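Trainee: Sequence:
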Amino acid sequence: MEHFWRNTVFTLIVITDSIWQAQSFNLGTAGAKIFSGTAKEEFGYTVQQVENNQGKWLLVGAPWSGYSQNRKGDIYKCPITGSKNSCDKLNLQDSVNVPEVKNVNANMSLGLTLTRTPGDNGLTTCGPLWGQQCGTQNFYPGVCAKLDPVFRPQPAFSPAVQKCGGPMDIVIVLDASNSIFPWEPIVEFLKNLLPALDIGPQSTQVGVIQYAVNPKFEFKLNQYQNNKDAISAASNIKQMYGEMTNTFQAIKFASTDGFSAQNGGRPNAAKVMVVVTDGESHDSSMTKAVIADCEKKGITRFGIAVLGYYTRNNIDTEKLISEIKSIASSPTEKHFFNVSEEAVLYTIAGTLGDRIFSIEGTGKGADSFKMEMSQVGFSAHYSSKQDVLMLGAVGAYAWSGTVVHQTGSQVHILPLSAFEDSLQDKNHSSLLGYSVTTMRVGPNEYFVAGAPRSNHSGQVIVYTVDAQKQSHIIDSQRGKQIGSYFGSVLCSLDVDKDGTTDFLLVGAPMYMSELKREQGRVFLFSVTKGILNEKGFLKGPPPTMDARFGMAISAIPDLDLDGFNDVVVGAPLEEKEKGVIYIYNGKRDMSGVDFSQRILGFSLDPQLKYFGRSLDSYKDLNGDELPDISVGAYGKVVQLWSRKVASVTVKASFNPDKINIFNKPCNINGRMLSCFDTKLCFTAAFRPATPAGTVDITYNLTLDADLLSSRVTSRGMFVKNNERLLKDVKQVPSTGLCQDYKVYVQETPDFDNSLSLKVEIEQADPNANPVLDKFSENAYQFFIPFTKDCGSDEVCNSDLVLSVKTDAKTSGSAPILVSPNSRELSFEVVVKNKKENAYNTQLVITFSKNLYYSSIFPLTEDVKCTSQTEKVICHVGYPVLRENQEVKFRINFEYSLEQLEDKAILKFVAKSDSKEEIDTDNEVDFSFPVQYDTGISLSKHPNINFFVADATTPVLTVKTYDDIGPEYNFKAEVSTSYLPVSLLYLTINLPMTSKGGNRLLYITSVEEQTGGSVSCQHNLVNPLKIGENTQTVSFSAESFRGMEKLDCKSANCESIKCILKDTKVKSTYFVNVKTRIWNSTFISATYQTVELTSSLEVKTDKPDLLIITNKQLTLGLRVSKPGETADVPVGVIAGSVIAGLFLLALAVALLWKFGFFKRKYQQLQMEDAQHNAQGDEVL
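Be aware that the sequence shown starts at 909, since it is given in the numbering used here, and climbs by one per residue.
I should point out that these hints are in silico values taken from the structure, not numbers from a laboratory.
Heads up, some of the hints might be wrong.
Unchecked claim - In the DSSO-like style, the derived pairs of lysine-lysine whose C-alpha atoms are separated by at most 27 Å in a straight line are:
| hint | residue 1 | residue 2 |
| --- | --- | --- |
| 1 | LYS2007 | LYS1811 |
| 2 | LYS1447 | LYS1757 |
| 3 | LYS1682 | LYS1848 |
| 4 | LYS1559 | LYS1587 |
| 5 | LYS1527 | LYS1388 |
| 6 | LYS1484 | LYS1517 |
| 7 | LYS1587 | LYS1742 |
| 8 | LYS1136 | LYS1099 |
| 9 | LYS1779 | LYS1879 |
| 10 | LYS1757 | LYS1713 |
| 11 | LYS1823 | LYS1742 |
| 12 | LYS1587 | LYS1388 |
| 13 | LYS1848 | LYS997 |
| 14 | LYS1666 | LYS1635 |
| 15 | LYS1388 | LYS1559 |
| 16 | LYS1010 | LYS964 |
| 17 | LYS1682 | LYS1879 |
| 18 | LYS1566 | LYS1447 |
| 19 | LYS1484 | LYS1587 |
| 20 | LYS1447 | LYS1742 |
| 21 | LYS1572 | LYS1587 |
| 22 | LYS1682 | LYS1495 |
| 23 | LYS1587 | LYS964 |
| 24 | LYS1811 | LYS1867 |
| 25 | LYS997 | LYS1071 |
| 26 | LYS1819 | LYS1559 |
| 27 | LYS1293 | LYS1242 |
Predicted, not measured: the structure shown is a model, and the values here were computed from it.
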């Protein structure tokens, strides 16, 4: 390579063709293998790629297999190898049964769900419409079964299987006295009632007693173990007849002997007695004792009055009905029946059976049903990290839905309360669990569930489950359009294959375009600690199409081996329901990504319908180290093969390496002209690298291509065809291929600018394998200069010296703070040539994506700059920078507010077509640490700023908020600026209790801004349920003297933590907090005035990069208590005493100085002398 560059003097410019000329890339359509099944069985609804010791297979779900007799469903296995295009049925439908329950599997739709479970090298399939019969009721909790590696079904399991109730013993007591006529309707009644009961040794036992004068067994509880035998026995019961109707003797007999252990009674079974009679008893005196005994034994009683005898004989039925009601358990309206005559007795059998079934302890009452219609297994996903099988249960909790987590035999059904607050599902129709998946972020794994009908617009919920089986909602994202079914399809995507989920793709296949077409849409969310941030959507079908784009989404493990995982999306209704799939090649920033390939179903098979309804792309199925894609259609499955990827590079050399217009060795049509030979060398690199092969290419050669659009005649022509254009076809191996071409140069006045040769490469055959890499360079441009003025040797030995300076801080200093008003980054550039002419001198500046080129100053002919992606090329002194010539200019960049990076990196390189003797002074590098001033501001809007606690008596019984105290409400407002910040954290700290345990504030409401951008997590609103319950509270005397503030240092605070996501520039977001001030606390406490101080704080998710200058704010409420005497500080008292003593001492000193004490003393001495003299005289 070094030798090549040393001996060839020309400029190479790589041109990236951003316009994809074809709709194909490396997923091949030639040789597609199409498996056919029965369309009416919905063959192709699901598809999974699997491999076992018998080969490689497609497992295909046909959830309506059995149609039209049933819809049990089944799975087919389709062989990848060989020429066979048909599939073999696994015949699982009769093997999937749950033991010890009555299976209702006629429409279970096995194969509706099919997923791999790598933990046991198998798969799991589910029939969410599998049901079980409990009495006369059918429940649909769904069933699943694992398949071992050779597709043998393992024991079926139903995580939400309903318990039909505990064992139940039923004794039927029949009046067989003479008044019963005819007897056949009694037998018909039994034949209609018994089928409604689940008769078996572990469930329901039935005994029959008939009576007149005395009771007798027809059959005992343990005599018949199934419905068939019991019905047969009941059909043969003959009427015993008798003159008396001793009903209560028969009831006593039934309660003692009928339920006794020797006659089959079970101690743990619920006891039910059915009494059928047509007349008043002859032993009614026993009523109270007999019924009391039944109550004591826990026997539930149904009383049935047959009014036929009374009606036929015009007897008043009031007493009969009263007596039968006394037999029936409470509430009477549920346990008492009456019929007009024997012939219609059978009509109540069904209702009676249902009521027996719903008895507490034996069945499910309507209020206790939670998972009976749950349809567990509507969706499934296996988490290998936690060994958890996630199963969606869309019908749970009256169609709100939930998710079931199963690890081995351990089942955890997430309760209604787990998602209730997030769904806010007033109509119970969210269908949570329609789709499930997981996301990995570092060591953490997050569960994700879709609810496409939540609030009609759809919702996605992210949650975790701790070791105590408690779920925690991390985030939720709502759809933007009613009826779009947002969240019906989920796909977790690790783009860069580092084990961390980079994006979550969410399908909304019924999303309507502005033209009212079901276009469909796939939304893209980045993931930050489980928080979803919307990044736009994938570009798919045009808005004119009914496509249902996003009905199926699958991650592809690096389809083109470029180091990034890829995505395939189905649009089964596109192209008039023929179907289309779209391929998206992964990259670090997927926002706004366009599809790289679009494959139409009818191009593979004109009979295909709904192509793209299901997808899988898990494995390499043909051994070429590339993943292959399986696509389900209506009654068919298509296997598409990936193609090897080739990238072709081109090098060119010229002989001679410069055009000498004075040397004309070539005779062209009788004219002697300058000419040169061009050698083009093509090299192919393949992914995967082995086996080595060739790639067929077509390439176009164009001379002076930059002049073609201006219709200027080319200065060069190919000798082969006397044209500036030449097309050729070659097979390029990995070892390379070279081809020679001769070019002659026409007479032209322009010998300053180099002559260019453009090489454009494309695939020779679109269906060939390997295929050219769509994302590698496909156009190259080379230049051959004309002879330069560089002395007799014509070798220009230049010495470019580059000097670049900036006022910006160096990398060793504090980061540069970028803001909308401070974005410019400028450099003073000096390019000087110290030696011979430097032709085509260029300054090439590459820079990080958080910068973009702005301008140069001054504008001059000496410097012309053109900007490319993350690169600026400036032609300096063009066409030649002469010896000792120097060019100075200022080049300006600006920091991008769209692409935020922690460093700004620039590289300046000066080069030319001349030979550079010293290149150590041709390059200058810069690297600046960068931070961005978000310009985010935090503001507060309270309803009051001060409060006077002037009540006299504390309120200790709280019924309403008004009993607490006055309202103290405020709005916390976050305003964004010009800088896009997708995720913010707002924390609101409120002093809730004093250090002495007295309540300060009581939160009554936290209102988030509507629209879904703001979500707050807390459990602080109305914890005492005031308004629902009356609360008794207490307050202790406490002193707030000496405190200026009651804040989070001097009181106990609670926090409201809010997430602001998908924020827009120049927008405002708010949270309204409503509280009440605990008046009684401030009445009871000792103080004159104190400030109740709350605080607000806002942070970004990248605090080292995104700076908020004023991120904290306090919110003060001044509270004063009138009539409270102020304390005299100890310092004041001590100071007063000292000052008094000092003044006293000063006064004494002054009096002494002026002789006050001396005169007084002399006066006292004189008075004493006089007194003594008077004393002497007396003596």
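Trainee: Report the numbers of all earlier hints that the structure fails to satisfy, in ascending order.
Mentor: 3, 5, 7, 9, 12, 13, 15, 16, 17, 18, 19, 20, 23, 24, 25 and 27
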